[in-house]
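Once you've looked at the hints, dock chain A against the given chain C.
Chain by chain, the residues run as shown.
2 protein chains.
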Amino acid sequence: MLKYPKDLLTLIAHLKKLPGVGKKTAERFAFSLLEWDNKELFEFSEGIATLKERVQACAECGCLMDGVQCSFCDTSRRDKALLCIIGSSRDAYAIEETGNFRGLYHVLGTLLSPLEGKTPDSLNLPHLEDRIKQLGVEEVILALDSTLEGDATSLYLKEELQKNGIEVSRLALGLPLGSSLDFVDEGTLSQAFSGRQKF
Amino acid sequence: MLKYPKDLLTLIAHLKKLPGVGKKTAERFAFSLLEWDNKELFEFSEGIATLKERVQACAECGCLMDGVQCSFCDTSRRDKALLCIIGSSRDAYAIEETGNFRGLYHVLGTLLSPLEGKTPDSLNLPHLEDRIKQLGVEEVILALDSTLEGDATSLYLKEELQKNGIEVSRLALGLPLGSSLDFVDEGTLSQAFSGRQKF
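For the record, the sequence lines run as chains C and A. Residue numbers for the first sequence follow the UniProt record's numbering, beginning at 1 and rising by one. Residue numbers for the second sequence follow the UniProt record's numbering, beginning at 1 and rising by one.
Extracted from the complex, chain C is given alone in its bound form:
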């Protein structure tokens, strides 16, 4: 049986590491790259090679910086009393899009997942506590995934932060906008009931 050329196989192996990309999709990507012109391939390759050097995370909040200044850490325009804890730097953009939050962010970078070796140490709690003290944060909002890992992390952080007398809240659980009750799972419905709001 004939195999793909060696260099194509290497490229396919790299493409397969992208999230949600399996063997077939990676092959499709590789063959489509073969049809790009040289300039496009060069620019794409350049973008990947220089990615980490050009796009760096803010040492303070962990959000991505465009240039040398972190626009998420601009305390002159943002509310220092509110700190929103997020799992990945990408979440900050989603929250900014809502236009609802004017506080500061704190990127954990990872969620608790003992099986993958992500223990509380990976969360770098001392840095978080230092920031909270320095900024004079009054409320910490936990905006983590509503998954096993996210919930475990939220619970852990809540306990640790409340020890220091910090007010902790987390995002509301309930019906997504535009959803029909028929299609909402039991867990969500039950959370929506217990978290019902005065109307």
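Keep in mind that a hint or two might mislead.
Below, a list of computed lysine-lysine pairs in the BS3-like style, where the Cα atoms sit at most 25 Å apart [claimed, not checked]:
#	chain 1	residue 1	chain 2	residue 2
1	C	Lys118	A	Lys39
2	C	Lys23	A	Lys23
3	C	Lys52	A	Lys24
4	C	Lys39	C	Lys80
5	A	Lys3	C	Lys23
Computed beta-carbon distance windows for the label pairs [said to hold, decoys possible]:
#	chain 1	residue 1	chain 2	residue 2	range
6	A	Glu116	C	Lys24	23 to 31 Å
7	A	Glu116	C	Glu40	12 to 20 Å
8	C	Glu40	A	Asp145	20 to 28 Å
9	A	Ser32	C	Asn124	44 to 52 Å
Honestly, the hints are just simulated from the structure, not real lab data. We put the CB at the ideal spot given by N, CA and C, even for glycine.
Using the frame of chain C, we list chain A on its own:
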């Protein structure tokens, strides 16, 4: 509203050009690339930059070569009397996997699609006819997509090749293996009827 860093946006624009990748998926890819280590990013970038130089198409049949020799053109081990016409170099690997075909291949590189400016000239027919003459091909098998473009191309090639008295066949149309009649569309079913085989 805060935007992604400039360099990340450029990378996302490149990723969006991959087939089936929209804005959201490209963003997911870009953020996942941020988590790769430097070595992986370097190798990936290198693989893309050198792709076209290292993976080249055979000037004769259009299939991809692994090194300097085309393993699809090895006439000592393959049947010169059979020529299979395929749309893209990738199709040759799928056909090789069946283990059913021992002839030679001819990659068109494109299908007829007048709206996209793909006219009969793009098919490079003179080269195909030269190959047929030189190899002494007795039967040409059209193995093109069963789409509008594929069918138009098959029809065009059939007429052109039959003018020169070459025997032309095309892949059978019918039920895919393991399919249930309930789920088969009318067109396929009708083709399966008209192409029914003695049993």
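How the hints compare with the structure:
no. : hint                           : in the structure
1   : C/Lys118 / A/Lys39             : 23 Å, holds
2   : C/Lys23 / A/Lys23              : 21 Å, holds
3   : C/Lys52 / A/Lys24              : 20 Å, holds
4   : C/Lys39 / C/Lys80              : 45 Å, violated
5   : A/Lys3 / C/Lys23               : 32 Å, violated
6   : A/Glu116 / C/Lys24: 23 to 31 Å : 25 Å, holds
7   : A/Glu116 / C/Glu40: 12 to 20 Å : 18 Å, holds
8   : C/Glu40 / A/Asp145: 20 to 28 Å : 25 Å, holds
9   : A/Ser32 / C/Asn124: 44 to 52 Å : 21 Å, violated
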